[in-house]
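*Asks:* Sequence:
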Amino acid sequence: MFLSKIVLHKKLEIEQLREKPGLKSMVEKARSAPRTRNFCSAISNGRGVNIIAEIKKASPSKGQLSTNLDVVKQAKTYEKHGASAISVLTDRKFFKGSLDDLKKVKAAVNIPVLRKDFILDPIQVYESRAAGADAILLIAAILDNTQVKTLYQHATELGLGVLVEVHNPLELKKVLPVNPRIIGINNRNLKTFEVNISNTLMLLPLVPEEIQVVSESGINSKKDISILREAGISA
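Just so it is clear: in the sequence shown, position 107 is 107 by the numbering used here, and no numbers are missing.
Check each hint, because a few of them may be wrong.
Label pairs and their in silico Cβ distance ranges [as the list claims (entries may be wrong)]:
id, residue 1, residue 2, range
1, N220, L12, 34 to 44 Å
2, T156, R18, 18 to 28 Å
3, E209, K11, 29 to 39 Å
4, L206, S32, 34 to 44 Å
5, E19, G48, 46 to 56 Å
6, V195, R229, 14 to 24 Å
7, G22, N179, 25 to 35 Å
Bear in mind the hints are in silico, worked out from the structure with no lab data behind them.
Even glycine gets a Cβ: it sits at the ideal position worked out from N, Cα and C.
From just these sequences and the hints, can you work out the full model?
*Replies:* Right, dumping it as structure tokens:
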């Protein structure tokens with residue numbers, strides 16, 4: 001399964017990160033970073049459809065998506081056409097992304113930038129803040145209850161927005177105790193990689209009304225957007 005391979009490799013990256021530059025250095029950089037842009041407000045501005053546009057060079061299921069993607073040009077295009085925020089894949093091994101991509105995008109646009117990666121350890125949260133991320137993704141499928149609580153707490157203390165991603169009712173039950181402001185419902189089946197927006201429609205009634213909901217993946221048409229908007233999602 002792709003996800004288990006990604007997590008295994010990510011743990012090796014975390015070990016290297018702890019050796020150099022080290023947790024203390026990362027914490028200092030994070031705490032001295034400029035103020036973040038408000039991700040939560042950006043996706044709930046009440047203007048209708050809020051789009052979180054994604055910058056992704058490759059994926060394990062589809063391989064290389066772009067051989068010479070200009071992330072700055074792409075980000076500016078997204079912003080020009082009304083994106084509320086931009087999500088940047090920063091995993092290098094499986095998605096061909098980098099924190100440098102995130103830094104370039106952050107410098108090029110005025111809307112919030114979310115770091116999309118496989119975050120397992122607090123040092124990655126500090127790394128995200130130090131790199132200029134305004135928000136991070138936490139994937140419930142790869143985290144236990146304690147990790148969800150710890151990572152969410154570290155992120156909010158640093159002023160980061162947090163998009164907490166779930167795929168099923170069990171994962172939703174896992175994350176609700178931290179009282180997240182935003183929950184992302186992923187429409188992709190992590191075992192088959194099939195995508196269907198019906199997953200959002202199924203889980204949405206289980207989410208407390210005060211929590212903003214983002215529908216992730218598989219949104220391919222105006223009809224999909226219309227269905228999701230009428231159901232009550234934020235982005």
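*Asks:* State for each hint whether it applies.
*Replies:* Verification of the hints:
| no. | hint | result |
| --- | --- | --- |
| 1 | N220 <-> L12: 34 to 44 Å | holds (35 Å) |
| 2 | T156 <-> R18: 18 to 28 Å | holds (22 Å) |
| 3 | E209 <-> K11: 29 to 39 Å | holds (37 Å) |
| 4 | L206 <-> S32: 34 to 44 Å | holds (40 Å) |
| 5 | E19 <-> G48: 46 to 56 Å | holds (47 Å) |
| 6 | V195 <-> R229: 14 to 24 Å | holds (18 Å) |
| 7 | G22 <-> N179: 25 to 35 Å | holds (32 Å) |
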